[in-house]
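Chains as they are written, first to last, in our numbering: chain A, 25 to 610; chain B, 1411 to 1650; chain C, 77 to 359.
If you're looking for bench data, these hints aren't it; they were derived computationally from the structure.
Quick reminder that beta carbons are idealized off the backbone N, C-alpha and C, glycines included.
A portion of the hints provided could be inaccurate.
Output of the computed footprint for chain A on chain B, the stretches with three or more beta carbons under 8 Å from beta carbons of chain A [unchecked claim]:
no.	segment
1	1419–1432
2	1460–1469
3	1483–1489
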Amino acid sequence: MADVTHGTLEPLSAGGIDDVELYHPKSWITKYVFSQDAKVIAIQYSMVALAIGLVALVLSWLMRMQLAFPGLLSFIDADHYYQLITMHGMIMVIYLLTALFLGGFGNYLIPLMLGARDMVFPYVNMLSFWIYFLAVLVLVGGFFVPGGPTGAGWTLYPPQAILANTPGQQWGIIVLLVSLMLFIIGFTMGGLNYVVTVLQGRCRGMTLMRMPLTIWGIFTATIMALLAFPALFVGAVMMLLDRLIGTSFFMPAIAAMGEQLPYKGGSPILFQHLFWFFGHPEVYIVALPAFGIVSDLISTHARKNIFGYRMMVWALVAIGALSFVVWAHHMYVSGMHPSFGFFFATTTLIIAIPTAIKVYNWVLTLWRGDIHFTPPMLFALGFIVTFVNGGLTGLFLGNVVVDVPLSDTMFVVAHFHMVMGVAPILVVFGAIYHWYPKVTGRMLDDALAKLHFSVTFLGAYLIFFPMHYIGLMGVPRRYHEMGEMAFVPPSTATLNAFITIVALIVGAAQLVFLFNLVWSVRHGRPAGGNPWRATTLEWQTPQTPPAHGNWGQTLPVVYRWAYDYSVPGAAQDFLPQNQPPDPRTA
Amino acid sequence: MIVIVIFMVIMAALAGWWLSGQGLATKPWLVVGVIGDSGSARSSPRRIAKVGLGAFLVVAGSLFSLLVSAYAMRMGMPDWGSLPMPTVLWFSTGLLLLSSIVLHTTVIAARRDELDAVRSGLLATVATSLAFLACQVLAWRELAASGYFSAANPASAFFYLVTALHGLHMLGGLVVLNRTAVTAFALAGTSPPQALARLRLSVELCTSYWHFLLLVWLVLFSLLMRWTDDLIEICRGLLS
Amino acid sequence: MAIAVALALVVIGSVVFHFLSPWWWTPIASNWRYIDDTIIVTFWITGAVFAAVVLFMAYCVLRFRHREGSRAAYEPENKRLEWWLAIGTGVGVAAMLAPGLVVWSQFVTVPKDATTVEIVGQQWQWSYRLPGADGRLGATDVAHVSPENPLGLDPKDPRGQDDIIIQGDQLHLQLDKPVRMLLRSLDVVHDFYVPEFRAKMDMIPGTVTYYWLTPTRAGVFEALCAELCSTGHSFMRGGVVVEPAGDYQAWLQQQKTFAQLQAPAKTQARNQDAGEELGEATR
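So that you can see chain A by itself, here it is in the shape it has in the complex (with noise of 0.2 Å):
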């Protein structure tokens, strides 16, 4: 069965980069500010994006308050709202959650779960963050600029989002388009990193089908973030110049309130095109790393081998595939030829054939499992509730033709919410519950955890799902104020109410998880190395949480796949991938 047992091995020598070559930081300020450190980059970036992320949670209160209370709030007019729509999305979507996945668990996981010392380019690495942070920065400048922020919309169509009465065109669109590029800048040197580390930096004997499907669905979205990300980035480019220096890319000849604009010949849906070219594999470059860190956390805490593993990266290498044919589905009511209708409507649902292979290999890792009820269980299964609600509403707005009523309704809005807003969001939360032992060295409050989750979950639940109804009735999305309308009755607003009110209550809930964080570090439970007895290497670090280098003196070897869960005649219920095998029975 063993190809190498025991027995023959060899002292190793160690791969990826040896000790003496790691840069050591001398001072306070290269070892925690400036540092080359994956791990220390990770809490970076992590933090950065939790910040801006809280700062989008407020904004999302204030809309639902403007729309479950028109004119409550006096100070929210119509300019406002759109721009707490425009940064809202954009902060979610782009500097919390690709940031947090990528950044954040990236950095912190890949070279620990790869068994390297480090990133390949630790120097660029660390520039990687802060670009992002300027990039926070700039953005964040676009609240204080006279005019204050873009109010485009995340998606920033032109023309209006360059032309006078869209609050924000003086400053807000230069500031955000110039943050976006910053970005993408920054970004793209990270994912080098993450990508080449992937593919030189593993430990001796870690071949592609022993890496933890986490990394898989880190690795896959890498790929298709620096695929997609330049289609942003031309986008953002000439968008600029068309706001700065008046070219035409996507400024047709334009008549605004009766007057003639010097603009001339350029094309609107050139940018739709560049921007869903992007702006679709971009919610699987969320979804990817949630897929794979959710298949870890199931099978840790079912104690159980991920069921189908196979498939489950066959599925994430088709869907990553895929998912840079099926763009245009976001632009079926644009106006582009009819045709296309009938090739994307048939790209996209086919992407559901092994996005729902996932969904099922989860689930019946659950089957006959030895299922621990610990917080990162509970939000795994969180999310697999809301992910197929979510994930099933999508098969809806992508056959073309069911698109048609609904798109641009609030049905749009709960499904992406669901899909790509609360499902990532409670992977997240699982794996802050599930790695922070291993940051800090200690565990998170267990009572605390289960009172935010029960909160957290069925809360975004009871908020996005009767929205699906509203958007259903032909409430359209982007509304300052919804007004009298005949087909809409007065009991909405009780609903909206409802909602507001939940909203208001699950973004409270957050803070117990703040408090949590931060309580732990000082005042949880020592965690020690294992505390989840986990199989896979970053797990198994000589110290926790690991030092620089992560290793001590000698690199792990791995001898295993990353899910001996309740292996038949083993001793223990989980055998780390680097245990060799016993010589008896090899």
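Got chain A sorted already, so can you dock chains B and C onto it with the hints?
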């Protein structure tokens, strides 16, 4: 968008070809022990640098494919008015071709550790590359002088955009190339072999990058000269 | 334990909400009943899958929760089960996609006997243009837009002279008569959206987009803008009146053509230039 889709298909094919050699059909739970090629042999710094550059070139390739896609899509609209291309572009094409060839000979010299040849080769590349950029600026000025620097003309906006982005990529390359040249002059034949190996690696990386710049420019040039119009027309026919 | 109950409650609550909710689509007023049918098919398939997956999960969570001394089964994969599930999913997806594509091909194929209506969006109002006696719409260009010619018709195009222009009023449509909506925007992206019609399409400045429908129910319907068009987006409302042929013709007779609308403007201008005599002559 057909150009970027073709680019993606090529990338997917490459990825598929690579993955097919990675044993994706094996059942990993059946095999216990050290398998696969050992990490240390594969991941020399040299190899890491080359893979890193390759990955970057894929990203840059995606960027330029998207630009070309946007350009082709815009060209297909009825009101497209093309520009007269300045003849100086022929010179810049020649210069870029020259610098790419010179750098290629330099890398051969570097592999033989002929330090003098490496130095002069690097200097020649810097010179021809700067001359290339100067020609591009001349082309800009010529167009502007004949009144085409008009924001409302999408053809000229695209011309300025693609040449500027290509030029920026070359400027970034020149920074690295200059650092390599400085290193080459600091070294002597008696320098330790590691230092010479590092120089060789830098020259190799620069050469790959310059070939890439040349390839991108040839694609852009044929697009700007409208040699590819028929091809684009055929692609459009396929789509509709 | 609690989580199993919560999962089951999520399913039961969702199903109960679906059937008891007072929030449902508006009664349809066009021929696109097929779209509604496709949505219903999709609801049944997806609802069944959702309930099955989550209830199965609830069962697993209850049945296989950790107890002292219990140990998970070891089963890396089950090829046969996975392939059956994949094939089953494929069939379900095809059952939704096939009707969807069939209806889409109807949606993009305008019947030959359809009349034409042009809807023009601009910040933040709707205008409409109907072909006059010649049955054809005149050429337009944004360059012609002026206070006297707000829709930018080409003044030199003879086909445009008899076009009927409706501004600041509701659009009237004839009951049971297929109509092709040509969509044009003067400034930013808009979307003429009548929830009861189900059909909609963005209007993109610089191009003309379209969709078609047959109004099947008489009445007055509200129209909204469904694509964010700057600060006044939520106030960009309009109305559509669907009425039988007789009423429709009566309404049509009262509307003014492009030439008629231009005339007073021209008259006014000449009056200022040449005094009263010319004004007499034009009368």
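Now for the hints, and whether the structure bears them out:
With a cut-off of 8 Å between beta carbons, the segment 1419–1432 of chain B has 5 residues touching chain A; three or more are needed, and the interface restraint holds. Counting residues of the segment 1460–1469 of chain B whose CB falls under 8 Å from any CB of chain A gives 6; the rule of at least 3 is met. For the segment 1483–1489 of chain B, the assignment as covered by chain A holds, since 4 residues bring a beta-carbon within under 8 Å of that chain's beta-carbons and 3 suffice.
Checked against the numbered hints given earlier, the structure satisfies every one of them.
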